[in-house]
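Student: The lines below spell out each chain.
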Amino acid sequence: MNPAIGYTALIAVSLATTAIGFYGLRISRTTSDFYVASRTVKPWWNASAIGGEYLSAASFLGIAGLIVISGVDALWFPIGYTAGYLMLLFFVAAPLRRSGAYTIPDFAEARLESPVARRVTSVLVVAVGWFYIVPQLHGAALTIRTTTGLPSWVGAAAVAVVVCLTVVTGGMRSITFVQAFQYWLKLTALAVPAIFMLLLLAGTPDSAAQLATTPPAGGILPPAAPVTGASVYGTLSLMVALLFGTLGLPHVLVRFYTNPDGAAARRTTLIVLGLLSVFYLFPTMYGVLGRAFLPGRDSGGFPDATVLLLPGALVGGPLGDVLSALVVSGAFAAFLSTTSGLVVSLAGVISQDVLGGSVRGFRVAAVVAAVVPLGIALVTDSLALAGSVGLVFAFTASTICPLLLLGIWWRGLTDAGAVAGMLTGGLLCGAAILFGSQLGPEAPWRGVLVQPAAWTVPAAFLVAVLVSRATRHRRSPSVSRFMAKLHVPERPLAVDEPRPQGG
Amino acid sequence: MSHPPSHPPSEPPAAGRERVTAPRTPAPQFPGRTTVSQEVAEQSAVGEVMVRSLIRSQLRLGLVVASGFMAALLLCWALVAWVPMFAGWLILGIPAPWILLGVGVYPLIGSCAWLYVRAAARNESRYRDLVDGP
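The listed protein sequences correspond, in order, to chains W and A. So the first sequence is residues 0 to 502, counted in numbering that gives the first Met the number 0. So the second sequence is residues 0 to 133, counted in numbering that gives the first Met the number 0.
With a straight-line Cα cutoff of 25 Å, these simulated SDA-like cross-link-like pairs (lysine to any residue) come out:
| # | chain 1 | residue 1 | chain 2 | residue 2 |
| --- | --- | --- | --- | --- |
| 1 | W | K41 | W | I270 |
| 2 | W | K41 | A | S110 |
| 3 | W | K41 | W | G273 |
| 4 | W | K41 | A | S124 |
| 5 | W | K41 | W | T168 |
| 6 | W | K41 | A | C111 |
| 7 | W | K41 | A | G109 |
| 8 | W | K41 | A | L114 |
| 9 | W | K41 | A | W113 |
| 10 | W | K41 | A | A120 |
Residues of chain W clear of chain A, computed beta-carbon distances all greater than 10 Å:
| # | residue |
| --- | --- |
| 11 | L14 |
| 12 | I19 |
| 13 | V366 |
FYI, nobody ran anything at the bench for these hints, they're computed from the structure. Treat the numbers as computed from the prediction; the structure is a model and nothing was measured. Just so it is clear, CB atoms sit at the ideal spot from N, CA and C, and this is done for glycine as well.
Generate coordinates for the entire structure from the input sequences, incorporating the hints supplied.
Tutor: Rendered as structure tokens:
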């Protein structure tokens, strides 16, 4: 690929991102502006921003790569990524917005009235965020290497620097604009080349026929892999991780605090589901086209680069260059938006718990939140992107998810129970992934260890419930009031009782 | 339910210009967001019962829609994995499992979400009617 394409795309997206970030600076004034955009973001903006933040390297590059490798079974990934929002809508969205907390640790402290529970939650949130940033930086490294030929570290470092600049200067308000812009950029960057490629295929009967008439047995659109005990367990465990992991992702949850009220939080989620459903049609299409038309079916050993290489390979010429530039800029938008969303939420947590919560502390924390995963990304190798993000989901589902679900719906949860449950889930899940990755591919328990959500999530819930029952006396005295706050609907603004506004 | 005379809020009114400080404490609710009747309802025994029943009905709703969705997902999975005839079926030249998992599941997700949002809002307005009385 012509290196100029990569440079142009990277510079254009970075400039657009920082420009919108600076525009937002004029609006951020107070701490509340900085953290949660003063809670006045409209559902459409907010939903676009959630979509922009959520569609990461795993969605933009990873799904197509996985389809190239494993065919129809890979389609469970986008289904899980989308359906996770369904669980978020059912069990978390509106109550969390009403909780009045700024971050997940804030929620833990308010619900359980325990600084210890807050600390444990903070540590877990930071761990989740760092593990989630690493695959984004790997994706950036892969993209830079594929498109410009520069060494991998340049891509990771460029993303970290641009994110730090945006976050440090504007906070959440500008991030909302940046993220919303980036959803639409990502959608356009996949959809326009996809439409061109399909038109081209329709215009050349030979290739269209090749796609349409290949016998379904084997070939381009193979049936699902034969069912075995291991594959049943693997799919189930993956779905548990993806369905219940989404509702613990810190950068997604912080977005729900920016809704005006609980009903708006639900409307936002509904729109997000629509946006994600539209988006995920395209990575699937790229995966299928990649299976059919990329020579060697493995894009030079990097299936995750399928999306980047496909428009150039299929369309060619100057139009192919333009389409490639579009796809590359979409990929960078994916890395930038997810990373900046994570950095914002981590910076919120770190600055409140360690640095005293000032805006200056927030800025310092943002740099820390970006630099640590950059270090990890530089010393580790990239796994398949969709797979490594799937592991982060398993970890979140085993730690943050029990805290949120039990905290919102069960009065009996105590601080001891929540901490015990989160630690059990976190330790089991972390140990299983680390230990499982050391085993050879033929080891008998490897499948159960590398995809642990199916047993670590129930274990975390079980421990949380049992310990809470054993420590009944530690129940928070204000739990009834807090539960009412979570679930009772708000009034529309300024109705029957106008309260004195300060002034 | 009677409305007691309006009283000043428990927290001091926010200053016009806010100083940038740590939001260590939970964020203040928007002023004007809670009514007297609502506050009374939350603190009295009757109010407690009403809130509990609201929580129960929202939880039940969430669980019902979630299990329906998961059952449908399991059905899709069974079709793709265990029904060879389905796997061999072509729609516009594309095998049915690809259509089902690549496209067909998403309208299902959307309709579950839409149903839930409507029903949850209905539960809340029923609660509001109860609290405010006729």
